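Read off the chains here:
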Amino acid sequence: MAAVAEARPQSRRFRDLLEDRRFLAPALISPAALFIVLLVGAPLVLAVYLSMTDATAGQLTGKFVWFHNFVDAWHNDNFRRALRNTIIFTLASQAIVLVGAGILAHALVRPFPGRWFLRLLILLPWAAPVAVSTIGFLWIFDSQFSVVNWTLVHDLMPGGGHFYLYRPANWVLGGIDHLPWIHVGKIDRLNPPQWLGQPTLAMLAIIFVQAWRILPFATVIFIAGLASIPTEVHDAAKVDGATGLRKFWHVTLPLQLPIATVALLFGIVFTATDMTVVYILTSGGPFNSTHMLTTWAYQTGIVSSNLGEGAAISLYLLPVLLIVSVLMLRFARRVEVS
Amino acid sequence: MAENDDGLEELGLSKSLTRRQVLRRSLGGFLVLYGGALPKVAAAAVPKHVHKQYKNTLKIIQWSHFVPAYDVWFDKTYTKRWGDKHDTDVQVDHIALAQLPARAQAEVAAQSGHDIFGHLSPQAGLEDQVINHKEVIQEVTRKVGKVSQLGFHSCYNPRTKKWHGFPENYVPDPIHFRKDLWKQVGLKPSTWEDVRKAAPKLKALGHPVGLGMSNELDSNMLLIALMQCYGAFIQTKNARVAINSKHTIEALKVMRDIYKRGMTNEVFAWTAASNNQGYLSGRLALAVNAISIARSAEDANPALAKNTAIAPIPRGPVQRLGLEHVMGVYTIWKFTKNKALAKRFIADLEINYQQAFRNSKFYNFPAFKGAVKNYKNQLNADPHTPKGKYGVLNLIANKYTTNLGYPGFSNAAIDEIFNTWLIPQMFAQVAQGKMTPAEAAKAAEHDAKRIFAKWRKRGKI
Amino acid sequence: MWSTLRERGISYLIVGPFAIVLAFPFYWMLVTAFKTNGDLYNLDNVPFTYHPSQAALGETLPLRHDHWLPFGFENATASHVTFIFHNTNYLRWVENTAVVGALVVLITLLFAVPAGYSLARLSGRWGQSVGVGIFLTYLVPPTLLFLPLSRVISKLGLQDRLWSLVLVYPSFTIPFATWLLMGFFRTIPAELEDAALVDGCSRLKALARVIFPISIPGILTVVIFSFSLCVNEFVYAITFISGSEQHTISAGVPTDLIRGDVYFWQSLMAATLIPSILLALLYNTFLDRFIAGFTGGAFR
Numbered sequence: 002m003a004a005v006a007e008a009r010p011q012s013r014r015f016r017d018l019l020e021d022r023r024f025l026a027p028a029l030i031s032p033a034a035l036f037i038v039l040l041v042g043a044p045l046v047l048a049v050y051l052s053m054t055d056a057t058a059g060q061l062t063g064k065f066v067w068f069h070n071f072v073d074a075w076h077n078d079n080f081r082r083a084l085r086n087t088i089i090f091t092l093a094s095q096a097i098v099l100v101g102a103g104i105l106a107h108a109l110v111r112p113f114p115g116r117w118f119l120r121l122l123i124l125l126p127w128a129a130p131v132a133v134s135t136i137g138f139l140w141i142f143d144s145q146f147s148v149v150n151w152t153l154v155h156d157l158m159p160g161g162g163h164f165y166l167y168r169p170a171n172w173v174l175g176g177i178d179h180l181p182w183i184h185v186g187k188i189d190r191l192n193p194p195q196w197l198g199q200p201t202l203a204m205l206a207i208i209f210v211q212a213w214r215i216l217p218f219a220t221v222i223f224i225a226g227l228a229s230i231p232t233e234v235h236d237a238a239k240v241d242g243a244t245g246l247r248k249f250w251h252v253t254l255p256l257q258l259p260i261a262t263v264a265l266l267f268g269i270v271f272t273a274t275d276m277t278v279v280y281i282l283t284s285g286g287p288f289n290s291t292h293m294l295t296t297w298a299y300q301t302g303i304v305s306s307n308l309g310e311g312a313a314i315s316l317y318l319l320p321v322l323l324i325v326s327v328l329m330l331r332f333a334r335r336v337e338v339s
Numbered sequence: 016m017a018e019n020d021d022g023l024e025e026l027g028l029s030k031s032l033t034r035r036q037v038l039r040r041s042l043g044g045f046l047v048l049y050g051g052a053l054p055k056v057a058a059a060a061v062p063k064h065v066h067k068q069y070k071n072t073l074k075i076i077q078w079s080h081f082v083p084a085y086d087v088w089f090d091k092t093y094t095k096r097w098g099d100k101h102d103t104d105v106q107v108d109h110i111a112l113a114q115l116p117a118r119a120q121a122e123v124a125a126q127s128g129h130d131i132f133g134h135l136s137p138q139a140g141l142e143d144q145v146i147n148h149k150e151v152i153q154e155v156t157r158k159v160g161k162v163s164q165l166g167f168h169s170c171y172n173p174r175t176k177k178w179h180g181f182p183e184n185y186v187p188d189p190i191h192f193r194k195d196l197w198k199q200v201g202l203k204p205s206t207w208e209d210v211r212k213a214a215p216k217l218k219a220l221g222h223p224v225g226l227g228m229s230n231e232l233d234s235n236m237l238l239i240a241l242m243q244c245y246g247a248f249i250q251t252k253n254a255r256v257a258i259n260s261k262h263t264i265e266a267l268k269v270m271r272d273i274y275k276r277g278m279t280n281e282v283f284a285w286t287a288a289s290n291n292q293g294y295l296s297g298r299l300a301l302a303v304n305a306i307s308i309a310r311s312a313e314d315a316n317p318a319l320a321k322n323t324a325i326a327p328i329p330r331g332p333v334q335r336l337g338l339e340h341v342m343g344v345y346t347i348w349k350f351t352k353n354k355a356l357a358k359r360f361i362a363d364l365e366i367n368y369q370q371a372f373r374n375s376k377f378y379n380f381p382a383f384k385g386a387v388k389n390y391k392n393q394l395n396a397d398p399h400t401p402k403g404k405y406g407v408l409n410l411i412a413n414k415y416t417t418n419l420g421y422p423g424f425s426n427a428a429i430d431e432i433f434n435t436w437l438i439p440q441m442f443a444q445v446a447q448g449k450m451t452p453a454e455a456a457k458a459a460e461h462d463a464k465r466i467f468a469k470w471r472k473r474g475k476i
Numbered sequence: 579m580w581s582t583l584r585e586r587g588i589s590y591l592i593v594g595p596f597a598i599v600l601a602f603p604f605y606w607m608l609v610t611a612f613k614t615n616g617d618l619y620n621l622d623n624v625p626f627t628y629h630p631s632q633a634a635l636g637e638t639l640p641l642r643h644d645h646w647l648p649f650g651f652e653n654a655t656a657s658h659v660t661f662i663f664h665n666t667n668y669l670r671w672v673e674n675t676a677v678v679g680a681l682v683v684l685i686t687l688l689f690a691v692p693a694g695y696s697l698a699r700l701s702g703r704w705g706q707s708v709g710v711g712i713f714l715t716y717l718v719p720p721t722l723l724f725l726p727l728s729r730v731i732s733k734l735g736l737q738d739r740l741w742s743l744v745l746v747y748p749s750f751t752i753p754f755a756t757w758l759l760m761g762f763f764r765t766i767p768a769e770l771e772d773a774a775l776v777d778g779c780s781r782l783k784a785l786a787r788v789i790f791p792i793s794i795p796g797i798l799t800v801v802i803f804s805f806s807l808c809v810n811e812f813v814y815a816i817t818f819i820s821g822s823e824q825h826t827i828s829a830g831v832p833t834d835l836i837r838g839d840v841y842f843w844q845s846l847m848a849a850t851l852i853p854s855i856l857l858a859l860l861y862n863t864f865l866d867r868f869i870a871g872f873t874g875g876a877f878r
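Residue numbers (the working numbering), protein chains in the order written: chain A, 2 to 339; chain B, 16 to 476; chain C, 579 to 878.
Heads up, some of the hints might be wrong.
Quick look at which bits of chain B chain C covers, simulated, 3 or more residues with Cβ under 8 angstroms [claimed, not checked]:
{"no.": "1", "stretch": "103-116"}
{"no.": "2", "stretch": "119-129"}
{"no.": "3", "stretch": "286-300"}
{"no.": "4", "stretch": "309-321"}
{"no.": "5", "stretch": "361-372"}
Everything labelled a hint here was simulated from the structure, so no lab data went into it.
Here the structure is a predicted model, which is why all the values come from computation and not from measurement.
By construction, the Cβ of each residue, glycine as well, lies at the ideal position given by its N, Cα and C atoms.
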């Protein structure tokens with residue numbers, strides 16, 4: 002009798018524990034946290050250690066050189082260019098994605114015939130595994146067989162008339178040339194643009210491919226954000242007489258800001274830490290002019306076997322992204338609350 | 016409630032599917048699709064190469080040979096036969112050319128991986144991670160004779176007295192040119208001066224020469240070979256940096272001239288496949304590449320193949336001297352447990368290289384000259400027209416092919432210079448007018464000296 | 579009626595160009611996949627139609643000499659597309675990718691749902707910091723981590739096996755999923771849970787019976803995004819696995835369809851199209867459900 006009476010309070014004590022926030026919260030988080038600490042944290046610590054040694058060729062140990070690698074990296078022209086490229090690449094591609102996804106999401110929320118099919122087309126770039134779709138772009142931008150160049154310089158009207166796309170394109174480019182600070186030149190029919198061979202064009206190509214593949218991803222997030230605006234808000238806006246552009250500016254946009262910020266943040270992080278697109282398209286590009294920090298770190302650490310230096314270069318990204326993330330997260334939270 | 020239904024209708028969904036039904040259906044489908052696959056994954060986790068029970072296992076990794084038939088022969092015939100004789104299950108994995116360095120380093124980091132690693136260039140940088148391959152060299156020397164100078168200079172480190180790899184094969188690097196087009200301009204590509212004269216004429220015909228200056232393998236080899244023909248070298252015999260010389264400057268000037276008058280800026284954007292593809296399309300009149308071009312032409316465009324001739328690298332004012340296109344080097348990691356077996360396999364492959372030579376369609380030449388008999392007859396007997404066109408490969412292999420880093424050894428510094436595209440960059444900067452030849456040579460010397468100093472400090476040079 | 583027509587017109591005007599730019603490469607890939615070698619490597623040929631050419635070794639031209647087909651289909655060949663099925667382990671790669679993706683999604687949900695719930699509901703102030711901390715693991719690029727991870731993988735005996743990917747991939751899907759779910763759980767009004775608690779449910783039971791069904795849209799989102807992250811992953815897939823039969827699509831295609839300096843372009847295009855179209859169909863279907871869930875919300 003006494004034993005049974007004792008057993009019951011014990012089980013109730015355990016159940017109370019489960020109810021207790023202070024126990025439950027950490028209990029639920031700890032599996033995820035543990036996983037991340039083991040698989041990301043531990044290698045990260047090892048990588049930090051490596052960055053302060055002179056390790057080479059896959060060895061995971063080396064002689065301590067403290068901050069020599071970081072200083073060395075900074076003195077290299079290629080590194081500074083890679084840092085600048087990373088910033089340009091990330092900001093430009095994400096700006097395109099943000100604006101594009103914002104517009105597209107609005108248009109896709111309302112129904113219209115054929116929407117399912119058009120949405121399918123729009124999802125394709127994100128659905129394709131990035132490594133193989135980028136190989137496809139290698140052929141689209143090929144130095145000799147580029148379909149873009151073919152379309153620009155060949156006669157697009159079979160039969161009687163003649164229509165060359167490069168002529169109106171040159172007209173536009175000539176107009177741009179008139180603007181100050183910008184010099185673009187013209188398209189030569191016998192020597193069409195080298196999309197992966199000229200530093201500026203290569204950067205444009207990489208930015209385009211990255212924006213192309215992230216746009217559907219951002220659009221989906223934006224659609225979710227739009228769809229989650231409760232109908233009361235729409236009704237209230239109608240009652241207040243806010244429609245069309247005014248409604249967009251004063252109602253929809255502010256409500257979308259938190260999710261837009263999160264989408265932008267993930268886009269920035271994925272772009273800045275990803276090396277696939279650049280590596281496959283240009284491998285750092287004509288004369289190391291399109292290296293990003295990630296590809297430059299790979300080139301130094303793996304291809305040239307200077308592991309310590311490669312680790313140091315990769316770590317440069319960390320504080321930059323840290324500051325950016327913290328700022329954006331704080332902004333998102335403030336907007337959400339208001 | 017009504018607004019929500021309207022909302023659903025607006026989004027194109029009927030009211031009849033409730034959330035619970037969707038959930039049930041999708042879960043069911045999920046389980047059907049993937050539940051069945053789970054045991055498969057568990058089984059697939061163990062590679063199923065074993066049909067018969069073997070005592071030993073040997074794991075090899077190497078690149079996917081551009082001649083698919085070679086891989087088929089190697090994987091399905093040769094290794095199986097060897098494995099049966101030695102009671103070994105030989106497993107061969109393939110990897111893309113570009114992934115070799117990453118994979119090699121990952122195996123070092125993991126301290127586990129394949130017993131035999133097949134590289135496509137001498138890996139002096141990995142010297143500390145591999146065994147001394149002296150025994151294998153000695154065994155093969157005993158059976159077929161000495162290793163060629165090319166092999167010796169590629170895989171031996173005179174400072175540490177260590178063979179950091181086994182030179183299995185090398186690929187000669189001829190030029191391919193269009194007989195009909197060169198006849199039209201009345202020249203032959205026997206010297207670089209001829210090429211320089213012909214380039215603008217060929218460009219006017221719409222068939223320029225194809226000499227890349229891009230960050231890729233073909234350009235790298237071609238430009239270093241060009242330098243050699245002009246008497247310019249990256250290092251001396253004693254591993255001192257020698258790249259800033261008047262010979263280099265002359266080579267830079269020649270290339271700049273050829274580019275300005277005979278090529279377009281596409282050559283700065285080429286990949287390793289570009290000169291192949293450009294030649295196969297009928298556009299290029301000259302390309303420097305291994306015989307992959309000729310072999311692809313035989314498959315895809317026999318008329319073009321008939322008009323294609325193979326010849327040694329053009330002569331420069333100092334000499335006619337080319338490079339190997341790629342060099343097949345096998346390494347055995349220090350951490351592998353199958354050293355004896357691995358050594359036996361490599362030795363047997365090299366000793367019986369005749370089959371590999373034939374099955375690679377004469378792409379792979381053994382680094383031990385004596386491993387194959389009667390080169391000339393075999394090459395001349397190749398059925399493709401014009402008959403005997405491949406015979407010249409023998410001449411190229413014997414007289415006009417040296418190792419990367421000639422006149423010195425292929426050490427870790429040369430390796431790094433090669434892998435970071437120092438030479439194509441130097442040429443490209445000059446050709447595009449970004450630097451004068453003198454400036455470019457000086458900049459390259461500065462970079463090269465830094466790299467050499469680093470490896471010298473590590474005791475490898 | 580005119581206003582609906584005008585609205586529709588605007589929709590087409592906006593969505594149309596985007597769809598064209600985003601999907602055009604795939605259309606062109608489709609055309610290229612069926613070209614013969616002679617047709618493909620000819621600089622004068624129109625890239626969008628098929629042209630007569632000499633068939634290469636192993637190429638079949640099904641309908642020669644019939645010029646009545648549009649686009650020149652009689653000069654197309656399916657031999658490069660069938661190449662990937664007969665001469666490579668392509669189907670195995672697709673299977674491997676699907677299985678790895680599914681397992682990783684499961685593991686992700688297992689870890690991320692409780693973590694997201696905890697951070698949203700139970701954690702208060704320090705929950706924000708932990709949330710941010712989890713997010714920060716994203717900032718470490720895989721090009722840095724793959725070497726130390728190789729050591730871990732080999733110590734666990736998982737080298738060259740798909741389980742290595744199943745183990746490592748959640749390290750980048752779990753943070754993302756936790757974040758998404760955290761945000762999602764926060765939008766669910768606390769009154770629902772409180773109602774259940776008042777009725778006598780334990781917290782865990784409330785989680786299972788009340789919260790989980792409502793969160794299906796959020797969970798579906800996590801499923802789609804995590805799966806797409808796995809399919810796209812390239813560095814680890816190439817480094818940890820070397821056997822052709824164990825490759826995923828991202829690893830197998832560059833290895834077997836690019837040999838030295840010869841790119842099998844037509845086969846590469848076909849190999850890209852197949853998973854893209856399948857996955858796009860999958861995502862598109864899920865998208866409908868998940869948006870419906872969002873608007874249906876907690877009001878059903």
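Verification of the supplied hints:
{"no.": "1", "hint": "103-116", "result": "holds (count 8)"}
{"no.": "2", "hint": "119-129", "result": "holds (count 9)"}
{"no.": "3", "hint": "286-300", "result": "holds (count 9)"}
{"no.": "4", "hint": "309-321", "result": "holds (count 6)"}
{"no.": "5", "hint": "361-372", "result": "violated (count 0)"}
Against the hints set out earlier in the document, a violation occurs for number 5 only.
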